[in-house]
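Visitor: If you read the sequences in order, they're chains H and G. Its first residue numbered 252, the first sequence is counted upward by one per residue in the numbering used here. Its first residue numbered 101, the second sequence is counted upward by one per residue in the numbering used here.
Keep in mind that the hints were calculated from the coordinates and are not lab data. Keep in mind it's a predicted model, so treat the numbers as computed, not measured. Idealized CB from N, CA, C, for every residue including glycine. Watch out, some of these pointers could steer you wrong.
To be verified - Pairwise CB distance ranges, derived in the manner of DEER restraints: (1) G/Glu221 - H/Gly274: 27 to 35 Å; (2) G/Leu217 - H/Val415: 36 to 44 Å; (3) G/Asn200 - H/Pro284: 12 to 20 Å; (4) H/Glu357 - G/Val144: 16 to 24 Å; (5) H/Ser269 - G/Arg171: 28 to 36 Å; (6) H/Arg254 - G/Pro156: 53 to 61 Å; (7) H/Val415 - G/Pro207: 35 to 43 Å; (8) H/Pro431 - G/Gln163: 28 to 36 Å; (9) G/Gln163 - H/Pro373: 44 to 52 Å; (10) H/Val378 - G/Pro195: 27 to 35 Å; (11) G/Pro207 - H/Pro373: 32 to 40 Å; (12) G/Pro156 - H/Leu335: 40 to 48 Å.
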Amino acid sequence: MTRTTQITILVVLLALLSLFYQGLWGDPRHIPPVLVGTRAPVFEGPDVESGEPMSSEHYKGKVILVNFWASWCQECKVEHENLLRLYDKFKDHPEFVMVGINYQDEIPKARAYLQRYGSSFPHMQDVKGALAIDFGVYGVPETFVIDKQGIIRHKWIGPIVDNVYANLTKNVLTPLLSDPNPAT
Amino acid sequence: MFRLIPIPILLCFVFPGAGLAKVVDETEIDQRVREIAKTLRCTVCQTENIWESGAPLAHQMRQAVRERVIRGQSTEEIRAYFHSRYGDYIMMEPPKQGINWLIWLAPFLLLFGGGVLLWREVKGWVTRTPPHQPPPALDEAARRRIERELHENQ
Chain H
252 MTRTTQITIL VVLLALLSLF YQGLWGDPRH IPPVLVGTRA PVFEGPDVES
302 GEPMSSEHYK GKVILVNFWA SWCQECKVEH ENLLRLYDKF KDHPEFVMVG
352 INYQDEIPKA RAYLQRYGSS FPHMQDVKGA LAIDFGVYGV PETFVIDKQG
402 IIRHKWIGPI VDNVYANLTK NVLTPLLSDP NPAT
Chain G
101 MFRLIPIPIL LCFVFPGAGL AKVVDETEID QRVREIAKTL RCTVCQTENI
151 WESGAPLAHQ MRQAVRERVI RGQSTEEIRA YFHSRYGDYI MMEPPKQGIN
201 WLIWLAPFLL LFGGGVLLWR EVKGWVTRTP PHQPPPALDE AARRRIEREL
251 HENQ
């Protein structure tokens, strides 16, 4: 076996090993977000607390933060306080809307969850999980930010905590809310 | 003795599952749902398609497939919908385009490379093996000794 052949085999093996390494230790939250940059699906369903129909059509032209959550989800409890804080921070902005989408849950349990942990923004039911599939959701919690033109600008898989919270408020929501472009 | 056993009872012993079997009434819709669901990956279990997975999300995806089949959408339209939501990741068979070609071609390229290496190695062994040499001829003394020993043994 010549030296060139030996070096070629070594290079191929190292390339395969690096691929395996990447696959084993890569961050599972870095799934390619195919929906970012595309038009957000229309989402509608009954309100978790009142049962009244809700629709994203009512929020046209606004920056919408959509958070998928469930009462059985432990990480949702971790981020819940931050979500309330986030809503308080932007609620007075006339172009800001925040909607929770309750995923794969039992309504009494979801209501009890909101009573226990607090609720300041509206929540929509997604009992059959159809809205979650429309948004390409893998699990909860997942958060999306939709701009005034109805385009998904940001997606985060996992709880909104620490740096994620800071990035969401400072680098995503604030620039989008100060965007002078009118809604289409 | 066998004549005393009624044939249906005998059949139950020969084919024990037959008595428990139910008629599978699979409609055309069920069949299409199954065919499409088998091509879509369960996004929370990774190694299963949504037809075989027991995960709640897979169940909801099967329901979404069924609803779209009932609405009259084609197989390609339904697959395109899921692809638009989850990307290549949801396809059990990655689309043959871009970087995905590496997944499709790499096994054949590795097999070809391994074959070439093996062929070259085996060829090297054959070349290095000395050609067959005839044994040296017996001298007269040795030939007589062998003949004598053969005669003594007879």
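Visitor: Look at each hint and say if it fits the structure.
Guide: A quick look at each hint next to the structure:
In this structure the supplied range 27 to 35 Å holds for G/Glu221 paired with H/Gly274, their Cβ-Cβ distance being about 31 Å. At roughly 49 Å, the beta-carbon separation of G/Leu217 and H/Val415 lies outside the given 36 to 44 Å, and the hint is violated. Between G/Asn200 and H/Pro284 the beta carbon distance is about 18 Å. The supplied range of 12 to 20 Å therefore holds. At roughly 20 Å, the beta carbons of H/Glu357 and G/Val144 sit within the given window of 16 to 24 Å.
Against the hinted window of 28 to 36 Å, the Cβ-Cβ separation of H/Ser269 and G/Arg171 comes to about 45 Å, which falls outside the hint. Distance hint check: the CB atoms of H/Arg254 and G/Pro156 are about 56 Å apart, consistent with the given range 53 to 61 Å. Restraint check, H/Val415 to G/Pro207: a C-beta distance of roughly 39 Å satisfies the suggested window 35 to 43 Å. A hinted range of 28 to 36 Å for the beta carbons of H/Pro431 and G/Gln163 is inconsistent with their spacing of about 43 Å.
A C-beta distance of roughly 26 Å is found between G/Gln163 and H/Pro373, which places it outside the suggested range of 44 to 52 Å. Against the hinted window of 27 to 35 Å, the Cβ-Cβ separation of H/Val378 and G/Pro195 comes to about 33 Å, which satisfies the hint. For G/Pro207 and H/Pro373, the Cβ-Cβ distance of about 51 Å falls outside the hinted range of 32 to 40 Å, so the restraint is violated. A beta carbon spacing of about 27 Å between G/Pro156 and H/Leu335 contradicts the range 40 to 48 Å that was offered as a hint.
Violated hints, in rising order: 2, 5, 8, 9, 11, 12; the structure is consistent with all others.
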